[in-house]
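Once you have looked at the hints, place chain B on chain A.
Protein sequence lines correspond, in order, to chains A and B. Following my numbering, the numbering of the first sequence begins with 78 at its first residue and continues without gaps. Following my numbering, the numbering of the second sequence begins with 29 at its first residue and continues without gaps.
Hints were generated in silico from the structure; no laboratory data involved. Note that beta-carbon positions come from the ideal geometry of N, C-alpha and C, so glycine has one too. Heads up, a few of these hints could be off.
What the hints assert, rightly or not - Computed Cβ-Cβ distance ranges for the label pairs, DEER-style:
| hint | chain 1 | residue 1 | chain 2 | residue 2 | range |
| --- | --- | --- | --- | --- | --- |
| 1 | B | Gly71 | A | Gln360 | 53 to 59 angstroms |
| 2 | B | Asp244 | A | Ser225 | 34 to 40 angstroms |
| 3 | B | Leu101 | A | Ala138 | 15 to 21 angstroms |
| 4 | A | Phe215 | B | Phe246 | 38 to 44 angstroms |
| 5 | B | Gly71 | A | Ala135 | 48 to 54 angstroms |
| 6 | A | Val345 | B | Trp210 | 17 to 23 angstroms |
| 7 | A | Ala128 | B | Lys129 | 37 to 43 angstroms |
| 8 | B | Gly159 | A | Pro285 | 47 to 53 angstroms |
| 9 | B | Phe246 | A | Phe276 | 38 to 44 angstroms |
| 10 | A | Gly350 | B | Ser43 | 33 to 39 angstroms |
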Amino acid sequence: MAMRRPALSAALLWPALVVMAPLLLGPLVLLAHESLKPFVGGRVGGDESGALTLQNYAQIADPQYVRYFLDTFRVGLLATALALVLGFPVAHFIARRAGPVMRRLLVGGLVGTLFLSIIVRVYAIAMTFGPHGPLADFSRIFGVTASSPDGAELMVVLGLLNSTLPLVALTLIGTLQNINPRLEDAAMSLGAPRWKTFFQVTVAMSLPGILSAAIIAYAFCISNLVVPMLVGRGFIVFVSNLIYFRFSEVANFPSGAALSMVMMVISVALFYGLLHLVRSHWQEAGK
Amino acid sequence: MKRLADAVFETVYWSLVTLFIAFSVIPVVVAVVLSFDARSYVGPFPPTQFSLRWYDRFLADSYYHDGLVTSLLLATGATAIATVIGALAAIGLHHARFKGKGLIQAALLSPLVIPNVVLGFGVLVFASRLGILDGMTRLLMGHVLITFPYVMRTTAASLVGIRASYHEAALSLGAGPWGALWQVTLPLARTGIIAGAVFGFVTSFDDVGVSLFLTDAFTFTLPVAILAQMRANLDLTIAALSVMFIVATVLIIVLLDRLAGLDAITGRGVYGR
Chain A
78 MAMRRPALSA
88 ALLWPALVVM
98 APLLLGPLVL
108 LAHESLKPFV
118 GGRVGGDESG
128 ALTLQNYAQI
138 ADPQYVRYFL
148 DTFRVGLLAT
158 ALALVLGFPV
168 AHFIARRAGP
178 VMRRLLVGGL
188 VGTLFLSIIV
198 RVYAIAMTFG
208 PHGPLADFSR
218 IFGVTASSPD
228 GAELMVVLGL
238 LNSTLPLVAL
248 TLIGTLQNIN
258 PRLEDAAMSL
268 GAPRWKTFFQ
278 VTVAMSLPGI
288 LSAAIIAYAF
298 CISNLVVPML
308 VGRGFIVFVS
318 NLIYFRFSEV
328 ANFPSGAALS
338 MVMMVISVAL
348 FYGLLHLVRS
358 HWQEAGK
Chain B
29 MKRLADAVFE
39 TVYWSLVTLF
49 IAFSVIPVVV
59 AVVLSFDARS
69 YVGPFPPTQF
79 SLRWYDRFLA
89 DSYYHDGLVT
99 SLLLATGATA
109 IATVIGALAA
119 IGLHHARFKG
129 KGLIQAALLS
139 PLVIPNVVLG
149 FGVLVFASRL
159 GILDGMTRLL
169 MGHVLITFPY
179 VMRTTAASLV
189 GIRASYHEAA
199 LSLGAGPWGA
209 LWQVTLPLAR
219 TGIIAGAVFG
229 FVTSFDDVGV
239 SLFLTDAFTF
249 TLPVAILAQM
259 RANLDLTIAA
269 LSVMFIVATV
279 LIIVLLDRLA
289 GLDAITGRGV
299 YGR
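Chain A with its partners taken away, still in its complex shape (with noise of 0.2 angstroms):
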């Protein structure tokens, strides 16, 4: 009996790996291929009789291209740290004070912001904090004029926080879930204050779920496309932008191609690399 549960699992996992295998490896390879040629003006796709280089590559650590990789990395780490800080006072609430009822029309509204079209949301907040929008003054606060390029970043980090709000919300309530209340019950009984229960035994505890949601949050806000496009205005041009320009304003299928390499080994070895840390950390730390 035994003996047959290995030739079933393999069978399981075959109608995946036939479709999905070649969809994954054959568009990367012929990225990396298309990455690879040298461009000429006019055409679309690379030269194929030419003999390949590296210029593509070369070109983007130009200056004026490290901007664009900086611009997407510091307004989505900011749109990241807002969320964390804003998404754990609401988890808390849902997972430890909120009744059922509460509980169950907060967790709904997340998974419904989070469902909701992000063009619909985008929208919305540009309407709202638009120049005719109810909040048009909001930006005042921070001391930036809407028309400004700070007041176009002020947008796009905005939109991005209305995006990574349900994502890093839902994934606090799911850590906080799994820490035992009475601890922080123990801490309060021996005289601790609220607050001070709260940093040293909820946050603290919660401290890898925290880094978890923070580099969910930060790999969807670093590849991006709708959010700049929709109220960067021209001042905030995330990669995802440019790769997108390089196909749909220019043709320059090369260019589009190296810059998609470089952004899709960033993102790969942040995600996985950052969580592997975080976990190998915390194992250890437990043990």
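Relative to the frame of chain A, chain B by itself:
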């Protein structure tokens, strides 16, 4: 001193919770109110007169209608394929014990991490190399790629709670391996598979990054149609469309809650309440 510090803490705590909820709710309310604006231009908020003109315009626009049909067909097709192969793969990996299992799992989940623009660009190059120029086929390729990981991940998560002994009990009671799969494992993994399929459907329906590369002049998805209109002129037809999206999202949430329970997303936790 302790009282004061705790009062400050509570104030900050509730301010942040309120800010979160306000920031999530206000834009949606603004979009809904604007969708009924009677003015023909985007004017100061709030509108003074209301009408259904933007709904009429949206409903009369064949561009949106075509996009909606394409998006529904595409999301249904991609989700159907991804659900079958994704659920089976998750079950297969759950039982499998072989070297490189972790690597295969990470590779199959990688579309979650790779930027969608990269996937879309890659599939475009791949499809044209294969000679596939048909928009729907290209879109289906890209959308199976992005919906698959959601089904696999949620199915795998729902399997964690299922003890291997159930499966073994079925085998020792005389069920064949397929019988045990069909009658024991699949029903137990049901909520995970349903939640994954819903996530996959929504992901496909909302996708922009992949679809932008794969649409052609005749086959375009609803989000791509909206984007094109938004860049042409920012009128309030999109507010009316937003309300349709909001209504559809609420329906999906209710459906998800009924079929799988919202707890399938957050989990109940070890110290479940």
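- [ ] Kindly indicate which numbered hints from before are broken by the structure, ordering the numbers from low to high.
- [x] Failing hints, ascending: 3, 6, 9.
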